[in-house]
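Residues per chain are reported as follows:
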Amino acid sequence: MKRYHEPVWQFLSPSLVVVGVFSLYPIFESFRLSFYRMILTLPWLGQKFVGWRNYADLISDPVALSSFTTSALFVAVTTPIEVLLGLGMALVLNESFRGRGWLRAVVLIPWAVPTVVASQMWRFIFNDRYGVFNYLLFGDATQFYWAPLAEPGLALMSIMIADVWKTSAFAALIILAGLQGIPHELYEAVNVDGASAWQKFRHITLPLIKPALLLALLFRTIDALKVFDLVFVMTQGGPADSTNVLQFYGYKKSFAEGMIGYGSAIAVAVFLVSLLLSLLYIRLLGAGLLRKERAA
Amino acid sequence: MRTIFSLAIILFLAPCVEAQTQLRFVTWTSEAAKVWTQIIADFEAAHPGVKVVQEVGPSSSTEFHDLITQKLRNRDPQLDVFFMDVIWPAEFAAAGWALPLDEFFPIAEQKQFLEAPMQADRYAQRVYGVPVFVDAGMLYFRKDLLEKHGFAPPRTWPELVRQAQSILAQERDPYLTGYSAQFKQYEGLICNMMEFILGNGATLWNEQELRSTLQDTRAKEAVRFVRDQIVGAISNRGILAYQESESLALFTQGKAIFHRNWPYAWEVANDAKQSKVAGKVGVMPLPAFPGQKSVATLGGWQLAISRFSRQPQIAWQFVQFMTSAETQKRVALSTGRAPARAALYHDAEILKRYPQFDSQYQTFVRAVPRPRTPVYLPLANIMQRYFSSAIAIADSDIDGLARSAARDMDRMLELLRDRRQP
Amino acid sequence: MRRIAFAGAVVAIGAFTLLPFLWFVSASWKSATEINSIPPVLWPSFHWDHYRAAIAEHGLLHYIANSVIVATATTLLSIAIAALAGFALARFRLPWGRFYLMLLLALSMFPQIAIAGPIWRLLNFLGWLNSYQGIVAAYIALSLPFAVWILATFFQELPYDIEEAALIDGCSRWQALRLVVLPLAAPGLFTAAILVFIHAWNEFFFALIILTYPARQTLPVGIALFPGEYTMPWGEIAAASTIATLPLVALTLIFQRRIVQGLSAGAVKG
Amino acid sequence: MLREKKSEGTIASLTVDKLSKTFAGREILKELSFQVADGEFCVLLGPSGCGKTTLLRIVAGLETASGGTVSIGTARVDALAPRDRDVAFVFQNYALYPHMTVFDNLGFSLRLHGVPKKEIHARVTEVAQMLEIGHQLDHKPQQLSGGQRQRVALGRAIVRRPKLFLFDEPLSNLDATLRTNMRVELARLHGRLRSTMLYVTHDQAEAMTLGEKIIVLDRGEIQQSGAPGEIYHRPMNLFVAGFVGQPQMNFIEGRLDGHGKLHTEAGVEFDLFSTVGGRAAPDSQLTVGIRPEDLRRCASTDARFAGTAEFVEDLGSDCFVHLDCGGLKLVARLPAQDPIKLGQRIDLNVDPERVHLFHQKRRIDLT
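Chains as they are written, first to last, in our numbering: chain F, 130 to 425; chain P, 107 to 528; chain B, 209 to 478; chain X, 513 to 879.
Treat the hints as calculated values from the structure; they're not laboratory data. Check before you lean on any hint, since a few could be wrong.
[Claimed, not checked] Computed, partial: chain P to chain B, Cβ under 8 angstroms:
{"#": "1", "residue": "Thr-135"}
{"#": "2", "residue": "Leu-173"}
{"#": "3", "residue": "Asn-180"}
{"#": "4", "residue": "Pro-183"}
{"#": "5", "residue": "Ser-351"}
{"#": "6", "residue": "Glu-520"}
[Claimed, not checked] Away from chain B, derived, C-beta distances all over 12 angstroms, residues of chain X:
{"#": "7", "residue": "Arg-597"}
{"#": "8", "residue": "Ala-607"}
{"#": "9", "residue": "Asn-693"}
{"#": "10", "residue": "Arg-704"}
{"#": "11", "residue": "Asp-769"}
All values derive from a computational prediction rather than experimental measurement. For every residue, glycine included, the Cβ atom is placed at its ideal position computed from N, Cα and C.
Modelling step: build the complete structure from the supplied sequences, incorporating the hints.
In structure tokens, the structure reads:
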């Protein structure tokens, strides 16, 4: 039974070409390089195929393990806060009030500010002497002053604050969209039964924005694992390596030390962790995110 | 939809102008950009048919390194002359990225330049860079405070600490700190710590035996001194997050008694528009530990030629012009950066404009380069991690940290052992 | 009582997002000594030479021009390509359609830093280094995954029968897309466009190593050129950032309703 | 609804031959074959989920069949894209272009086919007048009422003068009175245009009033096809008998004895010898079908059924009485003049000529 051909290829070829040349090729190149050992500054060592040795070294490299835990901690703390804050912002922004348009634009400022600028900004704010952070908290009582970027414990926290400030708007945007998708009649119906604000949220809002929450969580996790600019500008992985996230460690290996093979292996590790987490989210929170099969 | 594609077409056909022979010079936007453009214009006037095309990267050494190595690792012919940080020659030579300049740069000419940077520009008996300007660590101090409290500028670190403690006690200014420097986990930390360690008669590594010497007792002593006497005592803990700009800000705001920085800080600290302590600033070589000599870490930038340049002759003419005595003098006068040619330190005009060059000359002559090895950057990352971990935690296990840092450094240096350069 | 709590929340959100940025903007009107004065000076003395320096000495305007060109070209092309792919994935029941969506999501997980080297070599091979098309091609690849995702989910929610009516009326798939689907999908396109634009506007690392001609460098690289080797001109950086962020804020203010409406897939009731 | 036959026109007929469709393992259409003559108004009637909409969408080209062919006139179209089949499709929820005015909605297909502006304007205004939406031409669909939107959807199809009109339950979103008016208008429209129309509905009243031919579908198979009267008065199987007719036909199970006498579960007997003759073996199970309107009140002596009224639906014009005849539930349609009270015992009889007989779900003709 001959059927007329939907011009599928006309629609998909542009994206396939671009993704194929500019995404797939570089990523395969990274995968390939991760099986080689090379140090650019010692060319006589050559580029030897070493199979899984880079990955074996990665597992046994104490600095890599500590940077893995730093990254994991960063993701585990920032993504939930960003999604929760995003949810709060979205709920507020969903209500209609006079300045809503302005507030929505203001909320987008952190997302619109270039990351390199935002990092400089927070480095300026967290400075323990001329930064406003200490001044607002403690006024002139310098004995109580913190040095956020200087204490191993506080440095990562400062980067988290900067990241939460920068990206909560993004999460809020996605969740707000989910909220707007909820048909209004549902709320009218439940109002009739006299539900409290909390019950309305619990039984109507939450279940219906689950896909939006999942999407926000997914995109934030992927980005949080790839955090780089903030660490590069604010702390360069210091103090005492306490903010040496995996991505920054990979950058140092590939670009500063010329160990492309090892750097690529770290990048692949970041990718695999991200893939694993995403599959976990999709399995746990339901596949509502994926395309529903189109009914006959 | 049609408009979108027509816009894309225009972009793709952006014509690029082909002029005569193009000399590609990769540099960064220096503070005195106007001076550089003028010098380049003069070069082009003196060499008709040659057009210098400038490509620009950020001044931060790490970012400039990322950009330049990207071109070099890919043998990009579109690169002739580029700026090289004082710690890169060994790496760029071993990697086969920088062109040996011996045939262009005779020994007699090399003698014109300060010995310290020239030493840094050599690797395996060949020269790979021509110094443009030099940097060296110096001690800035509040002349007024020292005089007020009857102190002569300190010769040793313990003396500095004692003076700082007594001034702090008497001044009772909550914001005042005794010593401001660069202890953030980055290249600057190595420059600072090297001055303490070498100032205690120790070293970072043994060049002949290709092994780390961080475990020597004198080296660990210096580190312990910084952790307990400086970070733990006379400095505010914020110092662990400072690069040059933050540390200098404390000094220019009048909130630091002593301050370690490069020569540029003299101009800033004495400029009333930028500093509240203009005129009250003294500068001297860094103190050392009792019985040892003062040591300053060498910094500065050199010009190098890419091994993949298709026109090394023209490139050398450009480098020669840019590092000629006359150009060096113009740059020194306009930017205040310490020149690399020794003669300029006795040039009346320069000394009139920058009297401090006279007293700083000795520091520049004796400045010590950081380990000259192709694997310097991996070593640097290991040392940065070690130093930061050692001084940022009050009760850090310095012996243990030193042992593992030395082990990691030796494992890197091991790679050099089997391939001794001729 | 709820009114006060709500008003409190509005103020809190406004403060949380705006105050840090306003503090940085205030630095652009402070004199050199005021900027890092200890203790900090809260109210600036309002003089404008940082703005003059940012524009005149650092050539901020041509960085902004470059960023506008790059970001606009990236957005237009990326959205055009993503709309085609999103439409096809939503409309044609392709057996591997879902796989392609998952592949795109996976691609967006790969750290850009790691593929910067290979992308540089690719552009070098094509002779596109230091060219608008080079950086735009790289940015399209970076932004396509999430653009296709947003548009595919959006098209999938659009009521199908309006399109079928167009097919019956005599449209080819292309005409149906252009004349009926795109006008209805405007909010979705807008959302994806704003996100792609902001991504291209903010990207730093690729631009650092690909664009080294001053005439081509985009804003984030331009601002990274402000600091000297040891000096950090906070005033000028703050001024540059304020100028750079204003167009984006204005853009989002004008289109914020469309943005949110777009993201709420299926907002268009047939 | 009698309309005079149109002379042979240019409008082609529709031929569907052994059309089948399976989706996700389920057989939706099972080798259907039927024809729609030129200018004929054919209705596809069936319960929801019987595959009638899928069949319509396959004819339109919006879906592909798993087997069989579709031809309009003499040309096979099943391999053509929807736009090449010259068909018009009126959707259930109208599918108007929300971003275009009514005028643009109506003229869209002409614009696509490059019809000159002047002609588009003329044809659009003519159809708009015909459908009384002349003064809504510059409104947007959101500004129109349900009925008006429905007429615009209809107008969009008419303007094109297609070879074949396809309707997918176009009236189901209208309120009752509007629906009855539109039924009459559609029929009058068909009378004027004399175009071939294929109309899908689950509402049998629409089927009876509009259809010149009705095809009853169930579970992807044609149960019966024929003129409305044929479908109503000679249902060929239990399904058609039960589906067509409101309220539903009464069914009574029974067993035929050796002498042509039928003994039903309610103890009522029917002497069918003269009609059944030898066409049903003795002792076989038969189902008797009696339409509620065929039951009439009679004297208790010659009553065939007697039951008490459990529930009475009084529709004004007549009333439906739900009776319990000793366990057998019957529904009778009685004239409203003599109202029945709840619990009242009444006697009913039926003219044997009007009784329907089914054996193993197939009809057995009495004459």
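Consistency of the hints with the structure:
1. Thr-135: Constraint on Thr-135 of chain P satisfied, holds at 5 angstroms.
2. Leu-173: Nearest chain B Cβ about 5 angstroms off; hint holds.
3. Asn-180: This interface hint holds because 6 angstroms falls under the 8 angstroms limit.
4. Pro-183: 10 angstroms, violated
5. Ser-351: Hint holds; Ser-351 of chain P Cβ to chain B Cβ min 3 angstroms, cut 8 angstroms.
6. Glu-520: Since the shortest Cβ distance to chain B is 26 angstroms, the answer is violated.
7. Arg-597: 9 angstroms, violated
8. Ala-607: Not fine: 4 angstroms to the nearest Cβ puts Ala-607 of chain X too close to chain B.
9. Asn-693: Nearest chain B Cβ is 24 angstroms from Asn-693 of chain X, so the label holds.
10. Arg-704: Non-interface label on Arg-704 of chain X holds, nearest chain B Cβ at 22 angstroms vs cutoff 12 angstroms.
11. Asp-769: Fine: 57 angstroms to the nearest Cβ keeps Asp-769 of chain X off the interface.
The earlier numbered hints that this structure contradicts are 4, 6, 7 and 8.
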